[in-house]
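Please work from the sequences and hints to get the whole structure.
Protein chains in written order, with our numbering: chain A, 7 to 288; chain B, 6 to 339.
Derived from the structure by calculation, the hints contain no laboratory data.
From a predicted model like this one, the values you see are computed outputs, not experimental measurements.
Just so you know, even glycine gets a beta-carbon here, dropped at the ideal spot from N, CA and C.
Incorrect hints may have been included.
To be verified - Stretch-level coverage of chain A by chain B, calculated; a stretch enters the list once three of its residues show a Cβ under 8 Å from a Cβ in chain B: (1) 74-85; (2) 99-113; (3) 127-138.
As the list claims (entries may be wrong) - Chain B is nowhere near these chain A residues, computed Cβ spacing over 10 Å in every case: (4) R96; (5) E118; (6) T120; (7) E123; (8) I124; (9) A153; (10) G169; (11) Q183; (12) D198; (13) P257; (14) E267; (15) P288.
Unchecked claim - Here are the computed lysine to aspartate or glutamate pairs in the EDC-like style, where the Cα-Cα straight-line distance is at most 20 Å: (16) B/K337 x A/E114; (17) B/K43 x B/D56; (18) B/K337 x A/E118; (19) B/K43 x B/E53.
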Amino acid sequence: MSFRARATPGRRPSLFLDGPTLLWADNVSFRYSTAAPLVVNEVTVRLNDGTLTGILGPNGSGKTTLLRLLSGTRRPTAGRVHLDDRALDRMSRREAARHIAVVPQETELAFEYTAIEIVLMGRHPHLGLFTVEGPADIELAQQAMAATGTAHLADRPFHQLSGGEKQRVVIAAALAQSPRLLLLDEPTASLDLGYQLEVSALLQRLNLEQGVTLAISTHDLNLAAAICRDLIMMRDGRVIATGATTDVLTPENVRRLYDVEADVHVHGDTGHMTVVPVRRLP
Amino acid sequence: MMNIRRRIAMVVLAFLAFAIAVIVVAPMVGSTSISLSKAFGRSVDWNENVDAQIFFVARLPRVLSGALVGAALAAAGVVLQALLRNPLATPFTLGVSAGAALGAMVAIAIGLDVGWFGVSSVPIASFAGSLVAIGIVYALATSQRRGLSTNVLLLAGVTLNSFFSALILFVQYVSDFTQSVRAVRWLMGDLDVGGYSSIVAALPMLLAAFGVFAFLPRTLNLLTLGEDVAAARGVDVMSAQRWAFFSASLATGAAVSLGGPIGFIGIVVPHLVRLMIGSDHRIVLPAAALFGAAFTVLCDLTARTIMAPLELPVGIITALIGGPFFLWLLVKRS
Numbered sequence: 007m008s009f010r011a012r013a014t015p016g017r018r019p020s021l022f023l024d025g026p027t028l029l030w031a032d033n034v035s036f037r038y039s040t041a042a043p044l045v046v047n048e049v050t051v052r053l054n055d056g057t058l059t060g061i062l063g064p065n066g067s068g069k070t071t072l073l074r075l076l077s078g079t080r081r082p083t084a085g086r087v088h089l090d091d092r093a094l095d096r097m098s099r100r101e102a103a104r105h106i107a108v109v110p111q112e113t114e115l116a117f118e119y120t121a122i123e124i125v126l127m128g129r130h131p132h133l134g135l136f137t138v139e140g141p142a143d144i145e146l147a148q149q150a151m152a153a154t155g156t157a158h159l160a161d162r163p164f165h166q167l168s169g170g171e172k173q174r175v176v177i178a179a180a181l182a183q184s185p186r187l188l189l190l191d192e193p194t195a196s197l198d199l200g201y202q203l204e205v206s207a208l209l210q211r212l213n214l215e216q217g218v219t220l221a222i223s224t225h226d227l228n229l230a231a232a233i234c235r236d237l238i239m240m241r242d243g244r245v246i247a248t249g250a251t252t253d254v255l256t257p258e259n260v261r262r263l264y265d266v267e268a269d270v271h272v273h274g275d276t277g278h279m280t281v282v283p284v285r286r287l288p
Numbered sequence: 006m007m008n009i010r011r012r013i014a015m016v017v018l019a020f021l022a023f024a025i026a027v028i029v030v031a032p033m034v035g036s037t038s039i040s041l042s043k044a045f046g047r048s049v050d051w052n053e054n055v056d057a058q059i060f061f062v063a064r065l066p067r068v069l070s071g072a073l074v075g076a077a078l079a080a081a082g083v084v085l086q087a088l089l090r091n092p093l094a095t096p097f098t099l100g101v102s103a104g105a106a107l108g109a110m111v112a113i114a115i116g117l118d119v120g121w122f123g124v125s126s127v128p129i130a131s132f133a134g135s136l137v138a139i140g141i142v143y144a145l146a147t148s149q150r151r152g153l154s155t156n157v158l159l160l161a162g163v164t165l166n167s168f169f170s171a172l173i174l175f176v177q178y179v180s181d182f183t184q185s186v187r188a189v190r191w192l193m194g195d196l197d198v199g200g201y202s203s204i205v206a207a208l209p210m211l212l213a214a215f216g217v218f219a220f221l222p223r224t225l226n227l228l229t230l231g232e233d234v235a236a237a238r239g240v241d242v243m244s245a246q247r248w249a250f251f252s253a254s255l256a257t258g259a260a261v262s263l264g265g266p267i268g269f270i271g272i273v274v275p276h277l278v279r280l281m282i283g284s285d286h287r288i289v290l291p292a293a294a295l296f297g298a299a300f301t302v303l304c305d306l307t308a309r310t311i312m313a314p315l316e317l318p319v320g321i322i323t324a325l326i327g328g329p330f331f332l333w334l335l336v337k338r339s
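Take a look at the structure:
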């Protein structure tokens, strides 16, 4: 099956229409210090169970910070994030991490770990203080590596892996966390075209086959068009558009996001969309 | 099928066996050969029993303090390297030892010779100095933001190190010749602690630090991946960093007050251990503590015998081994 044939945006229900809400950010704002400006400004988003949502926006629009608020690793300055019906900031880090996993843009190690060691660290929130990973944890880690096509890398030193392999190992670690929600910060930003396709196909598979809910921040409009059913568009810390990809990925919205004139093509047979940037507007 | 628990147990037991062997053998070796049966025998009166006096008064305290200081510095090195995400950090990077040294220098210069419960004023003053340094560095690192900024921690430590060094030079300049010699000897790092009382005095602090170390390893693994990743994996980063910083600093302060600032143990030992067994802190931390104990006792054994009957301060030996090792690490990494 080719990558393009998998891409079927809009086939599943859209953001505000489908199943139970998994994560709900209710009018959240955030600044990094008291004097600093708001990086996220009164944002409300809902991530429903089983969805795959893209977060688009120019550099500095607050995407990464929004992901931090959604994962609970930062507390909103105002507003609140709810996981199911519970306030995320009232949960311990450990408890929140059993539901939500994060894949950062890049993972730099200070020390040399093997790939399987990195993946096993994903089990942390499920282990007691002095508990060591048992057979069940190792099994889960191996499954996560199999799902990301990294099983053969298990005993390789992480720092010797290629960019794409590293990213897939880090995704495996997040999966070993057994999360219901996986948040990824520009997961394909530093990858070449081949790995971009590989990782995006993997994410789509996780969503469709394993039922993991995903939110992905990205600069790659075509990636978003290919795999995200819903989009959140951010600029200057605010959400300027949100909804089904087929509805909101329009030339008008691309212009509002990036000041770029773009053609958006919808391919008849597959419903596949592509975005071709034309020129930067003054 | 891999068994992680078994691997941890096997490696730690191997290091434990090595450390015990070194600690048992070391007091038997020295510039004077002694008879063990005579040292442990009760036939001869204590005051007449030279072998027993050498064993129990001269050598055993030195070996025990070497083991404690080595274990503390090596473990503190492991914890701080993970906390700062910098494999080249040492227990002395954060200025704790400079504070301790300044405390000791002041005590020597003022000629404070009062002691509490048989512990001389120098280790007490040096421990107090390390607490002051810990306080200053921590206050600086937490002033800018809610968390603990490891960058500020590093910079504050380095700055504090050179500032305290200047004060140490000043104190030395104004002190007289005898005091200067004593101060320099202290700065070399010497395990000739002259009895058990200072060991007993340092023990509660060291035990407290090691008690905290026992909770840290898996969290340290995650902290080395970065604060954001650690938080996302369920680590309460702020609290973990605080525990790591204070326990490692406490261990360093107690170790330096006991043996002086013995250099390079806190970087050589963690790296040797990582080369042998990888980076998992659940193995590295206990193994480094045990190997640090053995390494320091062996270095001190060398120091006491290499120019016998002259007994060198152990700090000279560790620096002779550690300096080139550190440079080799730098070259290898780049």
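Hints, one by one, checked against the model:
1. Against chain B, the region 74-85 of chain A contributes 3 residues with a C-beta closer than 8 Å to a partner C-beta. That satisfies the three-residue criterion, and the hint holds.
2. Figure legend: the region 99-113 of chain A, annotated as covered by chain B; annotation consistent (11 residues with Cβ-Cβ distances under 8 Å, at least 3 required).
3. As drawn, the region 127-138 of chain A meets chain B at 7 residues by the rule of a beta-carbon pair under 8 Å; at three or more, the given contact holds.
4. Listed as a non-interface residue, A/R96 keeps its Cβ farther than 10 Å from every Cβ of chain B; the least gap is roughly 14 Å.
5. In this structure A/E118 is not separated from chain B by more than 10 Å, as the shortest Cβ-Cβ distance comes to only about 5 Å.
6. With a least CB separation of 7 Å from chain B, A/T120 falls inside the 10 Å interface cut-off, contrary to its annotation.
7. The claim that A/E123 lies off the interface is violated: its Cβ sits roughly 6 Å from the closest Cβ of chain B, which falls inside the 10 Å cut-off.
8. At roughly 8 Å, the least C-beta separation between A/I124 and chain B is not larger than 10 Å, which violates its mark as non-interface.
9. No beta-carbon of chain B is positioned within 10 Å of the beta-carbon of A/A153; the least distance is around 18 Å.
10. Distance to chain B confirms A/G169 as a non-interface residue, since its nearest Cβ pair spans about 17 Å, more than 10 Å.
11. At roughly 7 Å, the least C-beta separation between A/Q183 and chain B is not larger than 10 Å, which violates its mark as non-interface.
12. Residue-level check passed: A/D198 sits 24 Å from the nearest beta carbon of chain B, beyond 10 Å.
13. No beta-carbon of chain B is positioned within 10 Å of the beta-carbon of A/P257; the least distance is around 35 Å.
14. Non-interface call for A/E267 relative to chain B: holds, since the shortest CB-CB distance, roughly 35 Å, exceeds 10 Å.
15. No beta-carbon of chain B is positioned within 10 Å of the beta-carbon of A/P288; the least distance is around 37 Å.
16. For the hint linking B/K337 to A/E114, the alpha-carbon distance of about 18 Å falls within 20 Å, and the restraint holds.
17. Taking the CA atoms of B/K43 and B/D56, the gap is near 6 Å; set against the 20 Å cutoff, the hint holds.
18. With a CA separation close to 14 Å, the supplied pair B/K337 and A/E118 stays within the 20 Å bound.
19. The hinted pair formed by B/K43 and B/E53 meets the criterion: a straight-line CA distance of about 11 Å does not exceed 20 Å.
Violation of the numbered hints given earlier is confined to hints 5, 6, 7, 8 and 11; the remaining hints are satisfied by the structure.
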